[in-house]
Amino acid sequence: MTLDLSKIPLDQLMYGISLGAVAMMAAAGVLEAGRKRFDLFGMVVVALAAALGGGSLRDVLLDRPVFWVADQTYLVAALIAAMLTFFLARIFALPARLFLVPDAAGLALFTISGTKAALVWGAPWLVASFMGVITGVMGGVLRDVLCNEEPLVFQGTLYATAAWAGALVFIGSMTWGLDPGQAAMAGGALIFLLRVAAIRWEIALPRFTARL
Amino acid sequence: MTLDLSKIPLDQLMYGISLGAVAMMAAAGVLEAGRKRFDLFGMVVVALAAALGGGSLRDVLLDRPVFWVADQTYLVAALIAAMLTFFLARIFALPARLFLVPDAAGLALFTISGTKAALVWGAPWLVASFMGVITGVMGGVLRDVLCNEEPLVFQGTLYATAAWAGALVFIGSMTWGLDPGQAAMAGGALIFLLRVAAIRWEIALPRFTARL
Amino acid sequence: MTLDLSKIPLDQLMYGISLGAVAMMAAAGVLEAGRKRFDLFGMVVVALAAALGGGSLRDVLLDRPVFWVADQTYLVAALIAAMLTFFLARIFALPARLFLVPDAAGLALFTISGTKAALVWGAPWLVASFMGVITGVMGGVLRDVLCNEEPLVFQGTLYATAAWAGALVFIGSMTWGLDPGQAAMAGGALIFLLRVAAIRWEIALPRFTARL
Chain Y
1 MTLDLSKIPL DQLMYGISLG AVAMMAAAGV LEAGRKRFDL FGMVVVALAA
51 ALGGGSLRDV LLDRPVFWVA DQTYLVAALI AAMLTFFLAR IFALPARLFL
101 VPDAAGLALF TISGTKAALV WGAPWLVASF MGVITGVMGG VLRDVLCNEE
151 PLVFQGTLYA TAAWAGALVF IGSMTWGLDP GQAAMAGGAL IFLLRVAAIR
201 WEIALPRFTA RL
Chain A
1 MTLDLSKIPL DQLMYGISLG AVAMMAAAGV LEAGRKRFDL FGMVVVALAA
51 ALGGGSLRDV LLDRPVFWVA DQTYLVAALI AAMLTFFLAR IFALPARLFL
101 VPDAAGLALF TISGTKAALV WGAPWLVASF MGVITGVMGG VLRDVLCNEE
151 PLVFQGTLYA TAAWAGALVF IGSMTWGLDP GQAAMAGGAL IFLLRVAAIR
201 WEIALPRFTA RL
Chain W
1 MTLDLSKIPL DQLMYGISLG AVAMMAAAGV LEAGRKRFDL FGMVVVALAA
51 ALGGGSLRDV LLDRPVFWVA DQTYLVAALI AAMLTFFLAR IFALPARLFL
101 VPDAAGLALF TISGTKAALV WGAPWLVASF MGVITGVMGG VLRDVLCNEE
151 PLVFQGTLYA TAAWAGALVF IGSMTWGLDP GQAAMAGGAL IFLLRVAAIR
201 WEIALPRFTA RL
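Sequences listed follow chains Y, A and W, in order.
For the first sequence, full-length UniProt numbering begins at 1 and goes up steadily by one.
For the second sequence, full-length UniProt numbering begins at 1 and goes up steadily by one.
For the third sequence, full-length UniProt numbering begins at 1 and goes up steadily by one.
No lab work stands behind these hints: they were computed from the structure.
Idealized CB from N, CA, C, for every residue including glycine.
Wrong hints could be hidden among the right ones.
Stated by the list, open to error - Per the computed footprint, the stretches of chain W lying under chain A, defined by three or more beta-carbons under 8 angstroms from a beta-carbon of chain A, are:
no.	stretch
1	38-52
2	55-66
3	143-149
4	184-196
Work out the full structure, taking the sequences as your base and the hints as a guide.
Structure below.
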């Protein structure tokens with residue numbers, strides 16, 4: 001694949017959305033971890049892991065500078081969102097479902113940007129699609145591992161699966177001649193819609209039950 | 001130590017065996033994780049972590065390109081093996097013990113190749129032997145962490161210990177003048193035989209019980 | 001910030017203290033993990049993760065050579081300390097509290113050295129302070145994750161919080177004109193004293209209880 005990936009309008013426009021997604025995932029991290037009896041700082045660390053973990057793993061595996069180490073805006077955004085949610089949730093009853101739709105948007109954005117980063121690096125397409133999934137879901141996995149729970153993203157309604165489908169559509173539609181910018185939109189939209197639909201109608205993949 | 005490591009016939013011959021070991025570990029990962037109620041994709045992610053995790057950690061610690069990012073054949077092999085096992089296990093009652101012998105072969109191969117990679121990088125011998133152990137066992141540790149269970153490799157019959165013994169024999173026999181290829185065979189065979197013997201006769205290290 | 005970080009007398013003097021801290025954290029790791037029924041080698045791996053995990057994560061995130069891969073003295077120190085504790089604890093009743101004070105010293109040292117490494121790398125101040133916290137506490141987090149328990153450092157009496165406060169004081173007092181060496185002392189002393197005071201008087205941050 002020889003793609004002009006610089007045409008993807010992720011760079012300027014999506015920086016702001018990226019920050020928003022990081023903040024949203026930090027906030028969701030605080031709420032998800034709410035049943036554990038962590039102290040303020042522990043909660044903040046879990047929220048940061050949820051917000052920054054997937055992208056960090058992507059950057060380490062691709063041997064790129066880790067994004068939040070180079071640009072501290074991400075760290076600040078995640079930190080403020082986590083603190084705010086922590087104190088708000090002590091006063092108001094914030095329903096966890098409040099964050100499901102922004103979280104779906106964050107999943108879509110992270111997955112597409114992770115896939116793009118891997119393609120720019122020169123990774124083969126299947127690796128790139130998995131790198132997208134890692135970027136999108138590993139923050140949530142890390143959060144659950146730190147909370148000593150089974151990762152929700154492996155069990156619930158289409159989460160990693162939606163991310164993978166969107167990453168494949170993103171790559172596939174570029175291969176079939178679509179403009180990279182449009183391909184990113186198509187892949188991202190698919191992830192977002194699949195995830196929202198899965199929450200609404202409780203769509204799930206077949207589960208495994210070993211016959212042991 | 002000044003060793004001509006290029007003489008080790010791991011490169012050509014072992015590429016195929018490597019792929020087989022990755023596939024086997026992915027399949028074993030699916031079966032081991034079978035009691036959790038993960039969905040298809042979650043199961044696949046756990047299997048990939050089991051198959052690729054140890055080598056990824058080795059490459060990240062040694063600051064080398066991560067092997068499955070550079071060569072997508074490993075990812076494809078692990079993916080096919082995981083999917084196949086997933087669907088076969090829904091139909092047939094696959095006994096987990098079926099995979100113990102190939103898993104021992106994979107442990108031997110991964111440990112020796114990890115030790116070699118660290119020596120080539122210039123790591124001191126003790127570090128190299130631990131890097132071999134990390135490559136061999138960390139996939140299984142990651143699998144168990146993702147499944148929210150205590151790592152089996154820390155408890156069971158000689159697993160990490162067999163890997164370490166083999167890595168030391170591999171390095172030691174080269175220091176004592178053995179041909180690198182023969183040293184690799186000797187170390188690998190020791191790991192395989194120790195592990196199989198440990199399963200057969202339930203050999204285990206002394207366990208720790210703190211007097212608290 | 002344009003700081004002459006080379007003036008910090010961490011390099012010569014603190015190498016020995018570093019080794020001591022690594023050894024102490026490995027010993028504490030063995031004791032903390034004592035209730036699990038790990039075998040000798042599993043226990044050693046958990047102790048090594050506790051002693052070397054935080055610094056490894058720091059080096060991987062900053063893309064520096066991993067410290068214990070380059071210099072095997074750290075690995076040897078951790079290994080000897082873990083083995084010794086393992087066998088001593090089978091004979092004598094070692095109280096876990098025995099290690100709390102040296103552990104606080106290790107926390108102080110690791111946090112300051114991690115913050116310094118990030119500043120030298122060129123990381124922004126907030127990132128550098130978090131890198132210090134990661135270096136100080138992630139070993140303990142990794143230990144608890146491998147033992148399948150909820151990370152203690154997120155719950156107990158001021159641990160990560162003490163580390164963060166000290167890192168901020170270290171950076172802040174350099175910005176305000178203090179000599180880097182004195183700033184390191186001030187930050188490190190604050191961490192140590194906060195942690196010891198927190199253990200003595202059971203000081204803790206407010207805990208989070210989500211109103212769900």
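Quick rundown of the hints versus the structure:
no. : hint    : result
1   : 38-52   : holds (count 9)
2   : 55-66   : holds (count 5)
3   : 143-149 : holds (count 4)
4   : 184-196 : violated (count 0)
Of the numbered hints listed earlier, the single one contradicted by the structure is hint 4.
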